[in-house]
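J.: These are the residues of each chain, in order.
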Amino acid sequence: MTDKLKEIEEKQKAWQERFGRLKGRDAKFMTVSSDPVKEIYSPADLVNFDYDRDLGFPGEYPYTRGVQPNMYRGRLWTMRQFAGFATAKESNERYKFLLARGQTGLSIAFDMPTIMGYDSDHPRSFGEVGRVGVAIDSLQDMETLFNGIPLDKVSTSMTTNAPASILLAMYVATAEKQGVSAEKLNGTIQNDILKEYIAQKSWIFPPQPSMRIITDIFRFAKDYVPKWNTISISGYHIREAGSTALQELAFTLADGFAYVEAGIKAGLDVDDFAPRLSFFFNSHMDFFEEIAKYRAARRIWARRMKEKYGAKSEKSLLLRFHTQTAGCSLTAQQPENNIVRTAYEALSAVLGGTQSLHTNSMDEVLALPTEKSVQIALRTQQIIAYETGVANTIDPLAGSYFVEALTNRMEQGSEEYFAKIEELGGVLAAIDKNFFQQEIADAAYRYQKEIEAKDRIIVGVNEFSQEEQLGIDLLKIDPEVELAQVQRLKQLRQTRDNIRVQNTLEELRNAAQGTDNLIPRILDCVRAYTTEGEIIQVLREVFGEYKEKAVF
Amino acid sequence: MEEHKIRVLVAKPGLDGHDRGAKVIARAFRDAGMEVIYTGLHQTPEQIVEAAIQEDVDVVGMSVLSGAHMTLFPRVKELLDENGADNIILMGGGTIPEEDIRELTEKGYAKALFTPGANTDDIVAWIRGVVQ
Numbered sequence: 001m002t003d004k005l006k007e008i009e010e011k012q013k014a015w016q017e018r019f020g021r022l023k024g025r026d027a028k029f030m031t032v033s034s035d036p037v038k039e040i041y042s043p044a045d046l047v048n049f050d051y052d053r054d055l056g057f058p059g060e061y062p063y064t065r066g067v068q069p070n071m072y073r074g075r076l077w078t079m080r081q082f083a084g085f086a087t088a089k090e091s092n093e094r095y096k097f098l099l100a101r102g103q104t105g106l107s108i109a110f111d112m113p114t115i116m117g118y119d120s121d122h123p124r125s126f127g128e129v130g131r132v133g134v135a136i137d138s139l140q141d142m143e144t145l146f147n148g149i150p151l152d153k154v155s156t157s158m159t160t161n162a163p164a165s166i167l168l169a170m171y172v173a174t175a176e177k178q179g180v181s182a183e184k185l186n187g188t189i190q191n192d193i194l195k196e197y198i199a200q201k202s203w204i205f206p207p208q209p210s211m212r213i214i215t216d217i218f219r220f221a222k223d224y225v226p227k228w229n230t231i232s233i234s235g236y237h238i239r240e241a242g243s244t245a246l247q248e249l250a251f252t253l254a255d256g257f258a259y260v261e262a263g264i265k266a267g268l269d270v271d272d273f274a275p276r277l278s279f280f281f282n283s284h285m286d287f288f289e290e291i292a293k294y295r296a297a298r299r300i301w302a303r304r305m306k307e308k309y310g311a312k313s314e315k316s317l318l319l320r321f322h323t324q325t326a327g328c329s330l331t332a333q334q335p336e337n338n339i340v341r342t343a344y345e346a347l348s349a350v351l352g353g354t355q356s357l358h359t360n361s362m363d364e365v366l367a368l369p370t371e372k373s374v375q376i377a378l379r380t381q382q383i384i385a386y387e388t389g390v391a392n393t394i395d396p397l398a399g400s401y402f403v404e405a406l407t408n409r410m411e412q413g414s415e416e417y418f419a420k421i422e423e424l425g426g427v428l429a430a431i432d433k434n435f436f437q438q439e440i441a442d443a444a445y446r447y448q449k450e451i452e453a454k455d456r457i458i459v460g461v462n463e464f465s466q467e468e469q470l471g472i473d474l475l476k477i478d479p480e481v482e483l484a485q486v487q488r489l490k491q492l493r494q495t496r497d498n499i500r501v502q503n504t505l506e507e508l509r510n511a512a513q514g515t516d517n518l519i520p521r522i523l524d525c526v527r528a529y530t531t532e533g534e535i536i537q538v539l540r541e542v543f544g545e546y547k548e549k550a551v552f
Numbered sequence: 001m002e003e004h005k006i007r008v009l010v011a012k013p014g015l016d017g018h019d020r021g022a023k024v025i026a027r028a029f030r031d032a033g034m035e036v037i038y039t040g041l042h043q044t045p046e047q048i049v050e051a052a053i054q055e056d057v058d059v060v061g062m063s064v065l066s067g068a069h070m071t072l073f074p075r076v077k078e079l080l081d082e083n084g085a086d087n088i089i090l091m092g093g094g095t096i097p098e099e100d101i102r103e104l105t106e107k108g109y110a111k112a113l114f115t116p117g118a119n120t121d122d123i124v125a126w127i128r129g130v131v132q
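From first to last, the protein sequence lines are chains A and B.
Under our numbering, the residue at position 25 of the first sequence is numbered 25, and the numbers go up by one with no gaps.
Under our numbering, the residue at position 108 of the second sequence is numbered 108, and the numbers go up by one with no gaps.
So that you can see chain A by itself, here it is in the shape it has in the complex:
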């Protein structure tokens, strides 16, 4: 320890005594994740700090300060609002509305039947068609969804996991119809099945065949849609399910490493698929904790990819991520306050160096957002980008004693979780043992109890509340939407070439029973207007269904 540092420590001790004599405010000083926060951070908290080793420069190893050398001085983050509801036609209109207002990428929300692999006319879909996203049954719907939107000009993110291969195939087939070749396509499928078992719970097949489909997609995309992000490894849903920031970070990266291991095990070279892996994080209310999380994420990923998995290509080391502000931080009470919450969350994502961002609308805790509230959410990003000045310099919080100490804590905490997961036998074994699920449930319950005990204040909920009449309009989905979608599907089944449909399904079944790559077979199915539900049904017959052992 240098003399200078000793001197600072002594001065801090003296200050601490003065501080201790003063009466503190009656509050718990902790992060959103219930981690204690000290009254001050100083060089004494960064004794072993090494700028070169721990931060480096943007675009340089270990990428703590950002993945590109020029970050927002080169190009701002992509403003990408997640949207989709009712039918393909109505969603198509919403996308055009957003693009016309300066949005720079599309993000598709599917309805629950589409997410779970059921056609709109399946009995399990009853009441859910078009409710929380757009209903897509066949290529026909996908063609309508992107009608008038040239697919070589936009980048599209699709929130789909278990049936991701099918929706990607539909996107490729829609591009073919537009005369756009597949190698020009830009976008992302979420395709992260591990976090489904852990948190979001939209699974279909058991883990083993699900992992096979994912590695089939890696292999297919490498040659066929080389610019496509084949997976968006997601902490968002882990956080929404109630995890802490550290759990979100550690579990998501653990999932990421599990995909890397699966790819390597399937015979792929790590540098052939790792550059196409991308991430998706939550941005919750605790400003500094979130920024530290993003910075630590980049550093951990780069270090492990290089040191443990032997990645040679620089692109394999880069943790690129999308961020969405925390839906679970929004309150149904005084919903306009959510605009303010979202703005702070968005700011921390930007200060953390996100590549793209979705800002929630104030009314999303009550219903799907209206056009007006979506516009305010998008404007929030534009105000951050063009008015606040935070995009002028890269990683402006680097060197903050507090932020660097938090970043280190995030990295150490993650390493501890990785060791624990390894001890349990890896991610799949830990899922089977309900490790993640129990950790998240415990954290969610603790958070709820803290609010009820007023150890944590949520404005308008357990403090500053008032009797109110809801002053905002909500988006309503007409029940007719479901009937019309079912009708369209019925018509499709009558007019398409059903012999071709049966043939493509049989070829898919054969591939599923063997080891051939499934994706080209799925693409054939889709081109024949075979529906998503029909494809999933064949795969379900071969692979079986996942059953959860629920814990609370």
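Everything labelled a hint here was simulated from the structure, so no lab data went into it.
Among the hints, a few may not be true.
[Claimed, not checked] Over 10 Å on every C-beta distance to chain A, these chain B residues come out as not near it, computed from the model:
(1) E50
(2) G84
(3) A85
(4) N87
[Claimed, not checked] A short, non-exhaustive set of chain A residues, derived as facing chain B with CB atoms under 8 Å:
(5) F126
(6) R131
(7) V132
(8) K201
(9) A241
(10) Q333
(11) V365
(12) L366
(13) Q448
(14) L474
(15) A550
For every residue, glycine included, the Cβ atom is placed at its ideal position computed from N, Cα and C.
Could you slot chain B onto chain A? The hints should help.
T.: Positioned in the frame of chain A, the structure of chain B alone reads:
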């Protein structure tokens, strides 16, 4: 005489996986000394009613965040009544707009509905109040 231990079925209908609220409330009921059965995800109304009758519960608490509450609550209520289980109290929670809460409770499809931000102690107290 030993006090009757309140039995609650926490049910998660629909295709969505939003089980944070269901799990938190299940745990709060358990901590309050109730017998809790949690169905797990993706249950059909038929499965929920069958479990409620089999487990002989006093209350079914249904968590709905998919927007399908206007079909699910009436359907479960109807099935409970059809199967002679109209004594079981049906309540629930989720992202349900005020207007829909009014309609569902006025028509008797749900005895009470709680929205995000509700206090678990209040929900426990409400259940104790209505279970005789």
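J.: Measuring Cβ to Cβ, find out whether G84 of chain B lies farther than 10 Å from everything in chain A.
T.: holds (24 Å)
J.: Please check whether L474 of chain A passes as an interface residue: C-beta within 8 Å of a C-beta belonging to chain B.
T.: holds (6 Å)
J.: Grab the minimum C-beta distance from V365 of chain A to chain B and call the hint holds if it beats 8 Å, violated otherwise.
T.: holds (6 Å)
J.: Is the interface hint for L366 of chain A satisfied, with its Cβ closer than 8 Å to some Cβ of chain B?
T.: holds (6 Å)
J.: Grab the minimum C-beta distance from A241 of chain A to chain B and call the hint holds if it beats 8 Å, violated otherwise.
T.: Holds - the Cβ of A241 of chain A comes within 8 Å of chain B, reaching about 5 Å at its closest.
J.: When the nearest CB of chain B is found for Q333 of chain A, is that gap smaller than 8 Å?
T.: Holds, because the Cβ-Cβ distance from Q333 of chain A to chain B comes to roughly 6 Å (cut-off 8 Å).
J.: Classify the hint on F126 of chain A as holds or violated, based on whether any CB of chain B lies nearer than 8 Å to its CB.
T.: holds (7 Å)
J.: For E50 of chain B, is the shortest beta carbon distance to chain A beyond 10 Å?
T.: holds (16 Å)
J.: Restraint: Q448 of chain A near chain B, CB-CB cut 8 Å. Satisfied or not?
T.: This interface hint holds because 5 Å falls under the 8 Å limit.
J.: Hey, does the K201 of chain A contact hint survive, CB to chain B under 8 Å?
T.: holds (3 Å)
J.: Can you verify the interface hint for V132 of chain A: is its Cβ closer than 8 Å to any Cβ in chain B?
T.: OK, holds: V132 of chain A within 8 Å of chain B, min 6 Å.
J.: If I take the minimum Cβ distance from N87 of chain B to any residue of chain A, is it greater than 10 Å?
T.: holds (26 Å)
Hint check: no violations occur; every hint is consistent with the structure.
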